[in-house]
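Undergrad: Residue numbers (numbering that gives the first Met the number 0), protein chains in the order written: chain A, 0 to 139; chain B, 0 to 139; chain C, 0 to 139; chain D, 0 to 139.
Hints were generated in silico from the structure; no laboratory data involved. We treat Cβ as the ideally placed atom computed from N, Cα and C, and that holds for glycine. A portion of the hints provided could be inaccurate.
DEER-style ranges, computed between Cβ atoms [stated by the list, open to error]:
(1) B/73 with A/6: 43 to 53 Å
(2) C/105 with D/103: 32 to 42 Å
(3) D/92 with A/132: 30 to 40 Å
Number of protein chains: 4
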Amino acid sequence: MPSQASDQIFATLSRDPFAKSVGIEYQEMRPGYGRTAMTVTPQTLNAHGIPHGGAIFSLADSAFAAASNSHGQVAVALSMTMNFLATAPLGTRLVAEAQELRKGHRAGFYQITVKTEAGDLIAVCQAVVHRKKESILPAG
Amino acid sequence: MPSQASDQIFATLSRDPFAKSVGIEYQEMRPGYGRTAMTVTPQTLNAHGIPHGGAIFSLADSAFAAASNSHGQVAVALSMTMNFLATAPLGTRLVAEAQELRKGHRAGFYQITVKTEAGDLIAVCQAVVHRKKESILPAG
Amino acid sequence: MPSQASDQIFATLSRDPFAKSVGIEYQEMRPGYGRTAMTVTPQTLNAHGIPHGGAIFSLADSAFAAASNSHGQVAVALSMTMNFLATAPLGTRLVAEAQELRKGHRAGFYQITVKTEAGDLIAVCQAVVHRKKESILPAG
Amino acid sequence: MPSQASDQIFATLSRDPFAKSVGIEYQEMRPGYGRTAMTVTPQTLNAHGIPHGGAIFSLADSAFAAASNSHGQVAVALSMTMNFLATAPLGTRLVAEAQELRKGHRAGFYQITVKTEAGDLIAVCQAVVHRKKESILPAG
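Pulled out of the complex, with its shape left as it was, chain A reads as follows (with noise of 0.2 Å):
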């Protein structure tokens, strides 16, 4: 794929208002591969006072986004699971890295890791996706 497609994909995937709202941050996107980052604010926080299960889960399933629709055909999650390993407290820096494991002809396999910047493993996530025949940019 021309980079130049590849830079319009991941501005397209970047106009993401619900991580916007969560405060994920899109940083890179390669062909099979995502990553995104998010800092543990209050607002990510659930009634324990540990991050919600959700704002980890959301960061795991954008990078996830990046990576599944890395190669321009529009690609729709069919099943995540998520494994949560250990919590972090406020202000840990928390980074998603999406990898493709294998691409078929419909399918998309997909292993996601949440670290610390300090690497220790917060979260595992397996991931599937149907990969439809429509294209993410406007053609033309």
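Keeping the supplied structure of chain A fixed, place chains B, C and D upon it in accordance with the hints.
TA: Coordinates of chains B, C and D only, in the frame set by chain A:
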């Protein structure tokens, strides 16, 4: 559990900053059961213009938190698997219900559904918690 | 689907060497539904003397195969999540039932339960398939 | 753990009637790690003539059992998510490796891969156990 304690647990869980910021309402909690709701707003959309997987997951996770903490012990999510069956247009009212399948000594198993008000299935989730010894409510 | 085609599909699926070797019986198949059964024998136990997770999974997977192939197109499993709620003693009769939650154009979503004959829940499973264009039955 | 105890645990786990009946070999166990192998035989096939999901799962589950019981305490599987990336023809040698991602006080988290000898990924699995207090080896 006395109804008053149950009310206090529900009040405690509902003070959930992340859920609030996403627009998720805690609606009901009974032993082994939780229900939450939210409306698909522009803020909950992703770059494709459909609800972000993280928003739907957060709704389900909050219902799961209500159900799994309903017995008064702190429950920590270990694993959640979310299958995304359908999407929902802007303005749709989504309701998540979490049901306890089994309450073991330490582990707890849950099934969560996300539906439209019309009853259409949007997502299903299976989840497992580890129940700690500590109580949600402060002693005394 | 004509009932005769359905009978042929069921007969084809039931010729399942692995299921047979494990002691799994294909019991029923209707559009979107499948049921299998097996008895916990010494052969199905693991080193702890309880049913091997692989035996319980295989029972569920076979019911899932019946349900997901019931429409006549070849279905390929993409993802399965199995939660193990309880164990079952030697001699227990186990029944797995798979129910289709949604049949998309290409994807299919299923819920599978494994229960004792008394109705006690042993395991629950969520699963997703990709449906191919090719038919299970030979053309002609 | 003394190497002798480790050898005894491995010997105990390897006495696995179900794994044996499926043709699964326990190959190696170290703290937090387990490896098993099997060959795709006619017995392991399903009705479509490809390896039964239950056979592949059983191979992964056995490696997971080795890894999760490697510390000497009995580990009970709570949840396993299996993603099926590719199939493997008759005669293929399959190897499953389970790696511990985190060993909590009670919970344990694992990643399992199933590969051909050539290193092609057939399936990936995420799994969680609850670790009991009781020891695998008899006291004394």
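Undergrad: Look at each hint and say if it fits the structure.
TA: To see whether the hints hold, each was checked on the structure:
1. B/73 with A/6: 43 to 53 Å: Once the Cβ atoms are compared, 46 Å apart, the range 43 to 53 Å for residue 6 of chain A and residue 73 of chain B holds.
2. C/105 with D/103: 32 to 42 Å: About 39 Å separates the Cβ atoms of residue 105 of chain C and residue 103 of chain D, which means 32 to 42 Å holds.
3. D/92 with A/132: 30 to 40 Å: Distance hint for residue 92 of chain D, residue 132 of chain A holds at roughly 37 Å.
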